[in-house]
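Trainee: Letter by letter, the chains look like this.
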Amino acid sequence: MQPTPPIPTDDEIDAILMPHKGREGPLLPMLHGLQAEYGHIPAPAISRIAHIMNMTRAEVHGVVSFYHDFREKPAGRHVVKICCAEACQSVGGDVMVEETLAKLGLDWHATTPNGALTVEPVYCLGLCACGPAAMVDGKVVGRLDAPRLERILTEAGA
Amino acid sequence: MKDFIIPTSMDDRDMGTPARQGAPVTLTIDGFEVTVPEGTSVMRAAAEAGIQVPKLCASDNMEAWGSCRLCVVEIEGRRGTPASCTTPVAEGMAVRTQSSKVKKIRKGVMELYISDHPLDCLTCSANGDCELQDMAGAVGLRDQRYESGRNHYDPLGIGTLAAGDIRARTRDTAEDLGNPEYIPQDQSNPYFTYDPSKCIVCSRCVRACEEVQGTFALTIEGRGFESRVSAGAAGDDFMASDCVSCGACVQACPTASLQEKSIIELGTPERSVITTCAYCGVGCSFKAELNGDELVRMVPYKHGKANRGHSCVKGRFAYGYANHKDRILSPMIRDRIDEPWREVNWDEALTFAAQRMRGLQERYGKKSIGVITSSRCTNEETYLVQKLTRAVFGNNNTDTCARVCHSPTGYGLGQTFGTSAGTQDFDSVEDTDVIILIGANPTDAHPVFASRMKKRLRAGAKIIVIDPRKIDLVRSAHIEASHHLPLRPGTNVAVVSALAHVIVTEGLMDEAFIRERCDWEEFSEYAEFISDPRHSPEATELLTGVPAADLREAARLFATGGNGAIYYGLGVTEHSQGSTTVIGIANLAMLTGNIGRRGVGVNPLRGQNNVQGSCDMGSFPHELPGYRHVKNDDVRDIYREVWGVEIDNEPGLRIPNMLDAAVEGTFKGLYCQGEDILQSDPDTKHVAAGLAAMECVIVHDLFLNETANYAHVFLPGSTFLEKDGTFTNAERRINRVREVMKPLNGYADWEVTQLLANAMGAGWHYTHPSQIMDEIALTTPSFAGVSYDVLEEKGSVQWPCNEAHPEGTPLMHVDGFMRGKGRFIVTEYVATEEKSGPRFPLLLTTGRILSQYNVGAQTRRTANSEWHHEDLLEIHPHDAELRGIKDGQWIKLASRSGETTLRAKISERMSTGVVYTTFHHPDTQANVITTDYSDWATNCPEYKVTAVQVSHSNGPTDWQEAYNAQAAQSRRILPAAE
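If you're matching them up, the sequences are chains A and B in order. Using my numbering, you'd call the opening residue of the first sequence number 1 and step up by one each time. Using my numbering, you'd call the opening residue of the second sequence number 1 and step up by one each time.
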């Protein structure tokens, strides 16, 4: 099982949020800052952002939940984002991915029980010319096929 | 708005988008020519032409959103099919709202909506009152071709639920039945449910919460197919969110997704009556919707000029007290207050009361009895009660609860401007640039007006908050005060004078206005007085605790920021210098030229639904209706002529004087209508002693209130739903109250007063309240033009309404002050006698909370108590730590007057040294603590400053125990013999 992440204190959260306060449109930079630090948006941060920005928690929640990239819980140690957009589908990516995930017993958005890996769909990485494409911990890879994807996923801990 | 079920006049239609002001633009819609102001949407223009474009996400109380794609139209010369809600009109535009192209689009859109909607219309609570249903009909939807698949409505899993399946009705179960998209109903709010499975994600609720109410409690979470309405953040339900239960979202919802529980339980209403809310001084107009004589729901009335279609949790939902089991419907009497009550018939009760009162007058003199009129009752009822004392008792012993709230307003504004009322209408705030808010907490006490104020603030107006507490208007979602001046309780005059000092000494006053509109000599004297360095912010800082630099900035902002309006509440009046502060506020307005046009003015936020009216109706012991002194022979002549009796020319007793006289043994009988002086008036022990010393206390009320513990006669009252009449709100607006159902007790309150008067030999024969209003109009110049016919025709009017102002008077003092020249009066600060010291080091101030109303007689008997079921003492963390007090602990609150126990709430809203509580619950009896200090001019009690100490407690005080025992003893009732 994954260890429960420690809940950050208000001061720790504020230290991440405050540098963005004066910026134009500070909410997204704040959320990116939190995600970069904690790998997710810790629940207490919603209230802190609401307080600092003079918004409500509902409004912050609306933004956080709109972007799939912002997560409410930490992801696995590795995150593999597999492109499911039209260009990758047209070169057989969709079938290849579904089959590989099924073989390895992985689900979209889910984290493996050992906490090693989270698999997510992504809609276009801009690598249409060399699809099917994916992004492994922020690094893009192209020209995937089933064995290669399986290797990537198993190496990541699936 | 759901306006399809109840047939209403054309005027009640939802026009789709808000009205605009602008130059006229002419266009044709389906060949019909229509002229509308520039900026109007095509949708609204069509509605003006009588053509309803299908729509789901648009409503005329919020800005267009353009998401439902049902309102698409074709416009000649333009490509595509624009949404009519977001497209503004243009000169010469030719619009077609029906063409084969748009019909096809609409059908396709509706088909998509329906593909993810449970088609259980026959068993749905919105059946017959559902815009989705209406639109399906309007676009001619006959088929739904999509195969079942992922959906939000089927709890059992994907595609297993056929339309109308019986299992659809089990959707309120919380168990996981297999469909991950399905979210069970949120029933947490006591008044409405949220059923996500019926949501079409039109965002109307979210926008209503933001634009109309200004709370921002709702959002759309997720995106695409996952989009759902969410109250608060992840894991919150409605009760856990910031929701204030104003009902705007429920009203906005086009389906049954947000639905009143009363509608779910009772079905859709079949008739409606327009009436006026009986809670605060905003005076919202409501449509009471009924089935037979059963009230199904209250919906804010779109054309109500005070509320403009908005409401709060009290008026919208908290009407359940009207049918509460505690309500007493049979008259009761007893010889002594330690006896149980005896239920008797009306005749016996009235004869008993009349004989006792007359007997007291025979034994102790004509002036030994009196009345207290109610600010909760109608103008007509109040008028009759004061007439009772003046014409039947033969004295002027009449007073009203305004004594304990806004009597200083009457005095202060009367002295300076010449009228005892606010100068503006509520609409005026839409033109305000800078607001000063003193001693008022509108988001709790006047929530519907607060929403309008917040809307204006979000649009760019600025606000200066002068209050010891960090109230919501200091900082809450998308609102932030430019300045918060957290003064020490009791130093209002010093702060207001310091503001004036800065304006005068820095030359920021509006000299042209003062020269033209005010007495220049009086101003010169005032200017000399106020320029004295002892009034400077620097000199008063130590006293008031308000940083001088901040105060100077605030004064400059108010004087130079454009239209400046001052709003104030009981935090101004309920002080030993309440009248002085009101005068100071009037001075500030005159200094800056902020009187006599829209967007400015002096605006007292009156506490009770008809406190303005009860003052207007001559409830005060020195004034006949219309604020005319009883010493004035000409005025007394008018009444002698109409009433046929001589009016006493000596002012009568005020409430505190009545109680003092009772203790002394010279005041013996009281008729108290719709007011609970024992709980609401200061220094409870003294009030109790006064009441106990009387020989005949007649309580005329809905419930056996605290005062009734000392009563000999109980006359059952009627609720605002059960009578005709008028209420006058804080903007002087006379609004009709209409009989929604017959009085449960048999008589409206005005009839009971008439019966009592006649039992005492008066011979009155009013058969309808309109006749009482006619008498008021006949005898009172400022009401001369008011009649029920006029009110019926205009909806409401603001007094003065007479020959000079036939349409009423939305703004006062437009061409000059009512008294002639505006009068500056010097405002010397005199510290209150009530001071904190070693024994009582903290200052207590009191106030209201949103969900409860005053002594809580009504709201405590509704589900509103789920928000606030006990009074709490708010205390700053520092003061709490010093005393070792933890959040939620029982504490003892003691003053020189008495002590009580309640629980602590640690809050940074408080300044150090100041504690705060509400007075909604009789168990707490916050007024045991308050003192008998009062305003120098009007005797308005000093509720807002009491020196107290807070310490640990392990149970109720002796007083609380003794009181509760007495109350239990006193409330015994013997049923009438069969």
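Calculated directly from the structure, the hints in this document are not laboratory data. One or more of the hints may lead you astray.
[As the list claims (entries may be wrong)] Here are the simulated DSSO-like cross-link-like pairs (lysine-lysine), alpha carbons at most 27 Å apart as the crow flies:
1) B/K325 <-> B/K742
2) B/K455 <-> A/K21
3) B/K835 <-> B/K742
4) B/K470 <-> A/K21
5) A/K139 <-> A/K103
6) A/K103 <-> A/K21
[Said to hold, decoys possible] Distance ranges between label pairs, derived from CB positions:
7) A/E98 <-> B/S148: 53 to 63 Å
8) B/D293 <-> A/L28: 50 to 60 Å
9) B/L508 <-> A/E37: 18 to 28 Å
10) B/E33 <-> A/S47: 52 to 62 Å
11) A/L28 <-> B/R896: 36 to 46 Å
Computed from a predicted model, the values in this text were never measured in an experiment. A virtual CB, placed ideally from N, CA and C, is assigned to each residue, including glycine.
Trainee: Confirm or reject each hint.
Mentor: Do the hints match the structure? See the list:
With a C-alpha separation of about 17 Å, the suggested pair B/K325 and B/K742 falls inside the 27 Å cut-off, and the hint holds. In summary, the hint linking B/K455 to A/K21 is supported, as the alpha carbons are separated by about 24 Å, within the 27 Å threshold. Between B/K835 and B/K742 the CA atoms are separated by roughly 51 Å; this puts the pair beyond 27 Å, and the hint is violated. As the CA atoms of B/K470 and A/K21 are separated by approximately 23 Å, the hinted pair is consistent with the 27 Å bound.
Of the supplied pair hints, the one linking A/K139 and A/K103 holds, its CA atoms being roughly 24 Å apart against a limit of 27 Å. With a C-alpha separation of about 47 Å, the suggested pairing of A/K103 with A/K21 is violated against the 27 Å cut-off. Taking the beta carbon of each, A/E98 and B/S148 are about 22 Å apart, not inside 53 to 63 Å as hinted. Taken as a hint, the range 50 to 60 Å holds for the pair B/D293 and A/L28, whose Cβ atoms sit roughly 56 Å apart.
Our hint of 18 to 28 Å for B/L508 and A/E37 is violated, since their Cβ atoms are close to 49 Å apart. The supplied range of 52 to 62 Å is met by B/E33 and A/S47, whose beta-carbon atoms lie about 55 Å from each other. For A/L28 paired with B/R896, a C-beta distance near 57 Å fails the hint of 36 to 46 Å.
Checked against the numbered hints listed earlier, the structure breaks hints 3, 6, 7, 9 and 11; every other hint is satisfied.
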